[in-house]
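There are 2 protein chains.
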Amino acid sequence: MLTTLMNLYIGVHCYNNLVWYAVIVQTNSICCRLKSSRSLHRFIVKGYIEFGFKKIITEGAKDGISCGNSLADQAFFDSLSSNTAQTNSAAKSSNQPNNASDPWSSWNVGKSGNWDNGNAVDSWATKPEGAAGQRNSASNNWEAAAAFGHPQAYQGPAAADDDDWDDDWDDPKSASPSYLGYKETEASEPGGLQRGNSRGAAMKLPLNKFPGFAKPGMEQYLLAKQLAKPKEKIPIIIGDYGPMWVYPTSTFDCVVADPKKGSKMYGLKSYIEYQLTCTNTNRSVNHRYKHFDWLYERLLVKFGLAIPIPSLPDKQVTGRFEEEFIKMRMERLQAWMTRMCRHPVVSESEVFQQFLNFRDEKEWKTGKRKAEKDETVGVLIFSTMEPEAPDLDMVEIEQKCDAVGRFTKAMDDGVKELLTVGQEHWKRCTGPLPKEYQKIGKALQSLALVFSTSGYQGESDLNGAITEAGKTYEEIASLVADQPKKDLHFLMETNHEYKGFLGCFPDIIGAHKGAIERVKESDKLVATSKITPQDKQNMVKRVSTMAYALQAEMNHFHSNRIYDYNSVIRLYLEQQAQFYETIAQKLRQALSRFPVM
Amino acid sequence: MLTTLMNLYIGVHCYNNLVWYAVIVQTNSICCRLKSSRSLHRFIVKGYIEFGFKKIITEGAKDGISCGNSLADQAFFDSLSSNTAQTNSAAKSSNQPNNASDPWSSWNVGKSGNWDNGNAVDSWATKPEGAAGQRNSASNNWEAAAAFGHPQAYQGPAAADDDDWDDDWDDPKSASPSYLGYKETEASEPGGLQRGNSRGAAMKLPLNKFPGFAKPGMEQYLLAKQLAKPKEKIPIIIGDYGPMWVYPTSTFDCVVADPKKGSKMYGLKSYIEYQLTCTNTNRSVNHRYKHFDWLYERLLVKFGLAIPIPSLPDKQVTGRFEEEFIKMRMERLQAWMTRMCRHPVVSESEVFQQFLNFRDEKEWKTGKRKAEKDETVGVLIFSTMEPEAPDLDMVEIEQKCDAVGRFTKAMDDGVKELLTVGQEHWKRCTGPLPKEYQKIGKALQSLALVFSTSGYQGESDLNGAITEAGKTYEEIASLVADQPKKDLHFLMETNHEYKGFLGCFPDIIGAHKGAIERVKESDKLVATSKITPQDKQNMVKRVSTMAYALQAEMNHFHSNRIYDYNSVIRLYLEQQAQFYETIAQKLRQALSRFPVM
Chain A
1 MLTTLMNLYI
11 GVHCYNNLVW
21 YAVIVQTNSI
31 CCRLKSSRSL
41 HRFIVKGYIE
51 FGFKKIITEG
61 AKDGISCGNS
71 LADQAFFDSL
81 SSNTAQTNSA
91 AKSSNQPNNA
101 SDPWSSWNVG
111 KSGNWDNGNA
121 VDSWATKPEG
131 AAGQRNSASN
141 NWEAAAAFGH
151 PQAYQGPAAA
161 DDDDWDDDWD
171 DPKSASPSYL
181 GYKETEASEP
191 GGLQRGNSRG
201 AAMKLPLNKF
211 PGFAKPGMEQ
221 YLLAKQLAKP
231 KEKIPIIIGD
241 YGPMWVYPTS
251 TFDCVVADPK
261 KGSKMYGLKS
271 YIEYQLTCTN
281 TNRSVNHRYK
291 HFDWLYERLL
301 VKFGLAIPIP
311 SLPDKQVTGR
321 FEEEFIKMRM
331 ERLQAWMTRM
341 CRHPVVSESE
351 VFQQFLNFRD
361 EKEWKTGKRK
371 AEKDETVGVL
381 IFSTMEPEAP
391 DLDMVEIEQK
401 CDAVGRFTKA
411 MDDGVKELLT
421 VGQEHWKRCT
431 GPLPKEYQKI
441 GKALQSLALV
451 FSTSGYQGES
461 DLNGAITEAG
471 KTYEEIASLV
481 ADQPKKDLHF
491 LMETNHEYKG
501 FLGCFPDIIG
511 AHKGAIERVK
521 ESDKLVATSK
531 ITPQDKQNMV
541 KRVSTMAYAL
551 QAEMNHFHSN
561 RIYDYNSVIR
571 LYLEQQAQFY
581 ETIAQKLRQA
591 LSRFPVM
Chain B
1 MLTTLMNLYI
11 GVHCYNNLVW
21 YAVIVQTNSI
31 CCRLKSSRSL
41 HRFIVKGYIE
51 FGFKKIITEG
61 AKDGISCGNS
71 LADQAFFDSL
81 SSNTAQTNSA
91 AKSSNQPNNA
101 SDPWSSWNVG
111 KSGNWDNGNA
121 VDSWATKPEG
131 AAGQRNSASN
141 NWEAAAAFGH
151 PQAYQGPAAA
161 DDDDWDDDWD
171 DPKSASPSYL
181 GYKETEASEP
191 GGLQRGNSRG
201 AAMKLPLNKF
211 PGFAKPGMEQ
221 YLLAKQLAKP
231 KEKIPIIIGD
241 YGPMWVYPTS
251 TFDCVVADPK
261 KGSKMYGLKS
271 YIEYQLTCTN
281 TNRSVNHRYK
291 HFDWLYERLL
301 VKFGLAIPIP
311 SLPDKQVTGR
321 FEEEFIKMRM
331 ERLQAWMTRM
341 CRHPVVSESE
351 VFQQFLNFRD
361 EKEWKTGKRK
371 AEKDETVGVL
381 IFSTMEPEAP
391 DLDMVEIEQK
401 CDAVGRFTKA
411 MDDGVKELLT
421 VGQEHWKRCT
431 GPLPKEYQKI
441 GKALQSLALV
451 FSTSGYQGES
461 DLNGAITEAG
471 KTYEEIASLV
481 ADQPKKDLHF
491 LMETNHEYKG
501 FLGCFPDIIG
511 AHKGAIERVK
521 ESDKLVATSK
531 ITPQDKQNMV
541 KRVSTMAYAL
551 QAEMNHFHSN
561 RIYDYNSVIR
571 LYLEQQAQFY
581 ETIAQKLRQA
591 LSRFPVM
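If you're matching them up, the sequences are chains A and B in order.
The numbers in UniProt numbering rise by one with no breaks, and the one at position 340 of the first sequence is 340.
The numbers in UniProt numbering rise by one with no breaks, and the one at position 227 of the second sequence is 227.
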């Protein structure tokens, strides 16, 4: 963890003094996160933070360096001083609920979520969103279980530390212009810091890559007199099941295959490159893990408040070039790509298409830069949506939002329960249970061997049969040990994917609740003439659009969920039945060898 | 354990001062045994022993009370002083191999067994036999495993302490006359003390009930000019498989059933009485556990050096009247009786027949007293045998004896291995494994419950199916937990029975080796005119008879073993196959409920 911090610090410092401060402030969230893991590191981190805060308050606050994301960032500097001060005091206050252990706790407790806690409510600018930068859920069952370190345990994605950033991402320059956009968000969101998806504490983020994924975008979106006509449009229609995204007429998948080791810098740096082939074009491009990670971040920044973007398989330091690891990573990258290809909005987006269809290195670099400059990100993604339906009223909007919150929270619990149980079962099936069957097999064979020394005539048939029975139990041991790979693995992978999805919802719900909260308070602003009644009407309309988007996404989520769980449980049961049938068959075969007396 | 000692002490003290000393000396073996269990008790016991030794040496040794077993005991008093002194020093010497942990270690190490260790070899009278009093194998796998105290563990017979002697055996008078015959044996056998069958440390013996089951009988048998013509004859013939007992033309079994609670002393003492019905006569008698125990001891005393007499199911203090315990005890008494009925020598013996066929209380008491006065016990049982075959030469005799020793030792290891593994498997199958299936079941049902709150249409089929799959896993949990009773139980019981048999062999082999040793040394005795050449010839003949008896018994043992293991492993495999088939079937049924998408 300390290494993580140092990397951040050093890596960023090279470019810009202000950036350095930013990173220092950023450590604040890491500090909170560490509370639940290692206190020694927390202590070290604390030093950085306090030092950092002083610096940023006294020197860094008003430098006003703008870096390309002007729309998203413009409201930031006006409120920086108060925000950082607030954060500082919040960090010191032990009254703050510590959400490190449950990303859901903050907005599930009270009706209005956690945005009111300990923050002055005189202006929206001081209200932090439950937005991005929340990849910090240090404690979830999956990681906790994996941390047992049982060699036969199901190796969840967070099984290893994640220090290969430099290897997987050794080209930091392309990402530098947008540090501030994300950093400030982190600093100003004490309540929302601990939320996040399942990538866990070990994830090192390129914190500089989330422009606009922050509260300023919210005011921009809700209060803009007229939204800039975006080039892109994300239609929402009303289907049989309610609001829905428009599904493309032809779908495609992307096959991730053929991992190859490549190197650069005269062999000093090695990496694995995967071949991605679109099923519609049948053309291939190559990508390294770090490119996937780049895509993930772009998608998170752009769609993350409307669409759950599940995280990639985790990074890993050791064994990155081991066959088993490469196979597992490829399988998960494949699952992730398929998931993205299946999503009507994500799969049609420019950044995603460009990722799959660039023709040469130059086109890839150009596309990459363009995507990084995209301003339609964060809350602003809702500005691209125009539902073909009458506006919803606020009561309905809030109810729908709460319902989604309740469902996703409950499902998250359910999925985690299944993962915990599955993890335990995996360990038993690959550890003690086959060992026991092996022992039974050995004991039977030993006994047969002893019997064969009796000198008594006519028992060789029996002894042969007992030996075979013993071997059968050894075979059963192998069957038992291999079985989880054939069934439990898929059940686990699906649940793990869904855990990833569900981990995104606190932010999504947070954004919606934040918007609803603002509308609720808008009357006061109208009364004090801070906004006009028309402004308020716009706000309601825009929150309604958000609600439609949420429903469209939930309908997409549900239909996928039903399909996925049906498939995977069927597979599981089928494989389990076959497994038990095979064992029974083997036992009957062993039985048939025994002489009838 | 302390209670045990006190009981012995007090219970016996009431009758006779000399008896009291006997019991004190007897605690010596208990002390050794305790080494491997509880040192506090050992400490307390030690006080008794040393006190006891002093007493018996200074006062008790030459009292010369004779009690009915004159033939067996006559050689004893001449050698008592030297024996007790020897024992005393042996007990204090740490060079003595501690055989507490392995009843086999003593005679398996060297060729001539442990009889030479630390004992003067100037006269046979000072050489202890590896004879009776051997129920002390404190540490064997079965008891050790049961001692984990896992509530779901396979409840082996030594699972509970055994303080119900007074209840199960509340009529000590009939047994008192023959204390000394056994006591002296114990005191004079430091090397043979730790051997024994599987009844374990918790067994309290009526130590006074083994007249003649001691070395003096050996001289009597080997050196008597002419053996007294015994009324009984045990024929040994040569069959297809070598020497064999003569099997009766009609066999019978004995059904143990209908356990009823009885009481005596105006309800102060309660006991369970079982109904025993012979399949040949169809007549019934009733017996309490203590009567079985009496029979066991008579059989052990009479046949124990020629035929392995497996011990009864253990006594138990608590829960003696609980249904489950009574059922288990009855099942084991049944197995034991069947085993005895199956043995051609035991089943035809007077004591056994009388146990099953007395007509009234008076006849039972008369028969009981008669059996207790039987002098054809211990080594003298061989005097009833006249094999219809030429004498074997000494080389062959010794080879056959060694072969039996090797086989029974190896089988003992094999059986214990299987019992250990089975015990472990039993625990898993009744503990963690079903709990895990239950958790899987619950997790699936929880998930289905969450899914049903989605508000999304058309997923009720899936949710119903997932719920059913969850319930199926709960059913599987029950199947898994119940299965060991249906298959592993019988495998364990059979192995446990055989462990009992095999635990008798060290004494059997010990007796044979003792006799062989004497023949080997007889040349010296002939040379010094202590015995005549005719005496020596008689000795060889009688050792040859013993060897035939051993072979006859081994052939009986092997044919039973082959039948028993064939039956029980067949049963096990059949039940296991059915078990897995049932699970597979249930899973297929659950699978069929899932909608096809």
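Treat the hints as calculated values from the structure; they're not laboratory data.
Keep in mind the model is a prediction, meaning the values are calculated, not measured.
Among the hints, a few may not be true.
For identical chains, the list gives no copy identity; a pair is met inside one copy or between any two copies.
Unchecked claim - Below are the DMTMM-like pairs computed for lysine to aspartate or glutamate, each with C-alpha atoms no more than 25 Å apart in a straight line:
1) 439 x 474
2) 471 x 564
3) 261 x 331
4) 229 x 219
Hints, verified against the model:
With identical chains, the CA atoms of residue 439 and residue 474 are at most 25 Å apart within one copy only, with a shortest distance of 8 Å there and 27 Å across copies. Proximity of residue 471 and residue 564 under a CA criterion of 25 Å is satisfied inter-copy only: 21 Å between copies versus 39 Å inside one chain copy. When the C-alpha separation of residue 261 and residue 331 is checked against a cutoff of 25 Å, the pair qualifies only within one copy, where the shortest distance is 17 Å, while the shortest distance between copies is 68 Å. Proximity of residue 229 to residue 219 under the C-alpha cut-off of 25 Å is restricted to the intra-copy arrangement: shortest distance 17 Å within a copy versus 118 Å between copies.
In summary, the structure agrees with every hint in the numbered list given earlier.
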